[in-house]
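Chain order of the listed sequences is H and X. Heads up, the first sequence stops at 426 in this note's numbering, and the numbers go up one at a time, no gaps. Heads up, the second sequence stops at 376 in this note's numbering, and the numbers go up one at a time, no gaps.
Do not rely on the hints blindly, as some may be mistaken.
Not the full set, but computed from the structure, chain X residues with beta-carbon under 8 angstroms of chain H [what the hints assert, rightly or not]:
{"no.": "1", "residue": "Ser-5"}
{"no.": "2", "residue": "Arg-6"}
{"no.": "3", "residue": "Leu-11"}
{"no.": "4", "residue": "His-12"}
{"no.": "5", "residue": "Lys-25"}
{"no.": "6", "residue": "Lys-27"}
{"no.": "7", "residue": "His-65"}
{"no.": "8", "residue": "Gln-71"}
{"no.": "9", "residue": "Ala-79"}
{"no.": "10", "residue": "Gln-83"}
{"no.": "11", "residue": "Gly-86"}
{"no.": "12", "residue": "Lys-158"}
{"no.": "13", "residue": "Thr-160"}
{"no.": "14", "residue": "Phe-161"}
{"no.": "15", "residue": "Met-162"}
{"no.": "16", "residue": "Gln-366"}
Just so you know, the hints here were simulated from the structure itself, not pulled from any lab data. Beta carbons are placed, not taken as given, at the ideal position from N, Cα and C, and that holds for glycine.
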Amino acid sequence: MRPDDYARFEKTASWMEEKAREWGLSPFPMRYEICPADVVYSIAGFGMPTRFTHWSFGKHYYRQKLDFDYGLSRIYELVVNNNPCYAFFLDSNTILQNEMIVGHVLGHSDFFRNNGRFMQTNRNMVETMAATAERFRGYEERYGIDRVERIVDSALAVAEHVDPSLEMVGIRSGDGDGEGAKPRPSESPRDLLLFLQNHSAHLQDWERDIVASIREEMLYFWPQMETKIMNEGWATYWHTKFMQEMDLTGEDAIEFAKLTANVSQRNRFHLNPYNVGLAIWNDIRNRYGEDEMFIARESDSDTSFLRNYLTQEIVDECDLYLYEKRDNEWVVVEKDVKVIRDVLVRQRVHAGFPTFDVSLRDDDGRAVLTLTHAYEGTELDEGYVRKTLPHVHRLWGGQVSVITVVEGQLVEYVYDGSSTTLVHAS
Amino acid sequence: MGIVSREDWSLHRKGQQAQARHEAKVKEAIRDNLRNVIANDGLILSDGKQVIRIPVHSLDEPHFHFNRGKQKHVGQGKAKTGQVIGRSGDGNSAEGPGDAPGEHVVESEITIDEIEEILFASLELPNLRPKPKTAMQVEGEDWTDVRRRGIQSNLDRKRTFMEAMKRSQRQGALLRITEDDLRFRTYEEVVRPQTGAVIFAMMDVSASMGEFEKYVARTFFFWMERFLSKHYPHVEIRYLVHHTEAAEVTKSDFYRLRESGGTKCSSVYELALQLMEREYPTDAWNVYPMHVSDGDNNGSDNEEVVRIVEKLCESVSLLGYLEVQPNRRASTLSKQLEEVDSPYFRSYRVASRAGILEALLHFFKQGTEGKEAGGR
């Protein structure tokens, strides 16, 4: 943006907010932060501006930054589910790009505020994460960066194994009274992190706090993973409408067309949520009117959204297909909506991660922590079972195992602290 | 309406700091894996020209995953049913949908400079022989520090400019260079051996020396030459092969030649001796003869070898005998060489590629103890 673009930015943002209300959107109050690329990529790497620090976030930051430096990609939007809602803009974007992004983040902000899945999320997460980061820093000073990092490494490795259906802990009251003082919600066999938090005799209080905090952050991010297609489609639908309303002329119109083409680009290996989401929302509007859109925006997540609204016409329009591996090749195998829909829905169960039931087994007086894979036809990646088990072990402090199915056989991987053995379970 | 803000983010270093931690862990992984890294085929066979990609397991972020190779996936594009859209391993992790175990392993790209930095940090040049002062010393300059005072010609423009930027940012003032911002480079005078170094790469090319033995030799000489180049302004390498007779050959022949028949190691030591006396006067040269052999030698020749080795040791900087023995048994030759009593002679035995690192560490360290050691 050039120096004289900032006035235009404010004017457009203000006009869009007004228009949004007029159209029935109700976003959170907005904070627009315009910042250099480094900062935007750093926030993207961390997932949140105030989050604790970890080398893996640095790795992601660096990859995105490299892509940016080489002109390979640009993050178009970075928006935080919080009240107020923070949106970050690249100062090197053109004014038109950033105007489009204002429209886009207003869509997200409205979605965060109104979609059912987000109702339990902590709307003060920017502050909560800042407090968490502060505590982690304290642990690093007291116990050393390596010890803290080891626990964070392990907790992040199993962070997806939470149960979002559990009643959420809710917003932490005040700033808490230090380590391990979180209320304990009722348990679920699916929630490994909660189980460890409550039952691992091996964890010290500060380590328990790390596990609990990472669980809390995962539960906060979870609804975004469950509504990716809807949410991106919704934001794209509204930014398109804003931009059309702006009556662009000349260069601006051409630039907008290019941006739109960029955002809706297809990838032979992945579904583009902007493209498919927008197609579905457009179809809902055309067939049932905007009122129906608002109902779906409130009550659906990606699984019900796809089940209810994905049609053969949309599959054809978006050139969706299924592919699978045959020998060493990836081959297109299906274009029928019924099959595609089933696969899409199934892959969105638990945000695409395998689920396990946590239990304890007595093995000669030792409590073995056993994760029983809820096998539904898709095998686990064995290499990763072997790599992840040591992390469970580190948090549990004793023998751990995974029971799953490989080629029709029930098998168990047991890790005892030094090596993994594979046994055929009976 | 919402609030638009443009804060001063110049102190925001979170991304860089986390990345620095990540980088440090990559280095650590390389260090832990150094014995495999330095023997990497791509690196050695390309003579160090290739940037190598090494798997760094510790930097992977493990999770429980489904086996992607056994799942159906959704993609987009104009493709017909039955059409192949990619091959396993295509485009690697960046684009492809991933694959069976292993494909997610983080591959870290490292350059030869980075490996050298780590490897050479643990190597030392064994005792230098005193040389005549004129030939020995050179006054070099090492630019070692940046200071606030100095002479104009040593002004570090870039740093000065950066200082001015930082200060004016802090003060919210217009960019102007003040006296306080000036930064000068300073140097220290250092004394380095001015003389050159020469490596006599000596190898047995009799039939018993197979691909593995030659690979070990190649890897060893590769790092030896680079290491010496760090310390001497001029390094030459001469390639001498032998079976029952010795000859000087080109580098490519050195690793290619294979002769049938017996072995007489003394022939190559004799050739080295002649070469040194003829072309490398040791008041100007640091001579490093290094012999790689599987230890197979005509028994009647062993004593002769010891005799010439002792003679060479009167002048050379270091004479090395590297025995490559996959079965880990010390040969008669190597036992005979134990008789050599000179701080300038060292020998080592390697049994596998992984032993090359230990061999380097053994030959290139200060001190004279432990001239014989078994290896991995």
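Hint-by-hint comparison with the structure:
1. A cut of 8 angstroms between beta carbons decides the hint on Ser-5(X): the least distance to chain H is about 6 angstroms, and the hint holds.
2. A distance limit of 8 angstroms between C-beta atoms decides the matter here; for Arg-6(X) the minimum to chain H is near 5 angstroms, and the interface restraint holds.
3. A least Cβ separation of about 10 angstroms between Leu-11(X) and chain H goes past the 8 angstroms threshold, and the interface hint is therefore violated.
4. For His-12(X), the interface hint holds, the least distance from its beta-carbon to any beta-carbon of chain H being 5 angstroms, beneath 8 angstroms.
5. Among the interface hints, the one on Lys-25(X) holds; its C-beta lies about 6 angstroms from the nearest C-beta in chain H, closer than the 8 angstroms criterion.
6. Annotation: interface hint on Lys-27(X) violated; nearest CB of chain H at approximately 12 angstroms, more than 8 angstroms.
7. Because the beta carbon of His-65(X) sits about 4 angstroms from the nearest beta carbon in chain H, less than 8 angstroms, this interface hint is met.
8. A cut of 8 angstroms between beta carbons decides the hint on Gln-71(X): the least distance to chain H is about 6 angstroms, and the hint holds.
9. The closest approach between the C-beta of Ala-79(X) and any C-beta of chain H is roughly 5 angstroms, which is under the 8 angstroms cut-off, so the hint is satisfied.
10. Because the smallest distance between the Cβ of Gln-83(X) and any Cβ of chain H comes to about 5 angstroms, under 8 angstroms, the interface hint for this residue holds.
11. Hint status for Gly-86(X) relative to chain H: holds, with the closest Cβ pair at about 4 angstroms, below 8 angstroms.
12. The beta carbon of Lys-158(X) comes no nearer than 19 angstroms to any beta carbon in chain H, farther than 8 angstroms, and the hint placing it at the interface is violated.
13. The beta carbon of Thr-160(X) is not positioned within 8 angstroms of any beta carbon in chain H (closest approach about 23 angstroms), and the interface hint is therefore violated.
14. Because the closest C-beta pair between Phe-161(X) and chain H is about 19 angstroms apart, greater than 8 angstroms, the hint is violated.
15. Taking 8 angstroms as the C-beta cut-off, the interface hint given for Met-162(X) is violated, the closest approach to chain H being about 16 angstroms.
16. Hint status for Gln-366(X) relative to chain H: violated, with the closest Cβ pair at about 31 angstroms, above 8 angstroms.
Comparing the model with each numbered hint stated earlier shows that hints 3, 6, 12, 13, 14, 15 and 16 do not hold.
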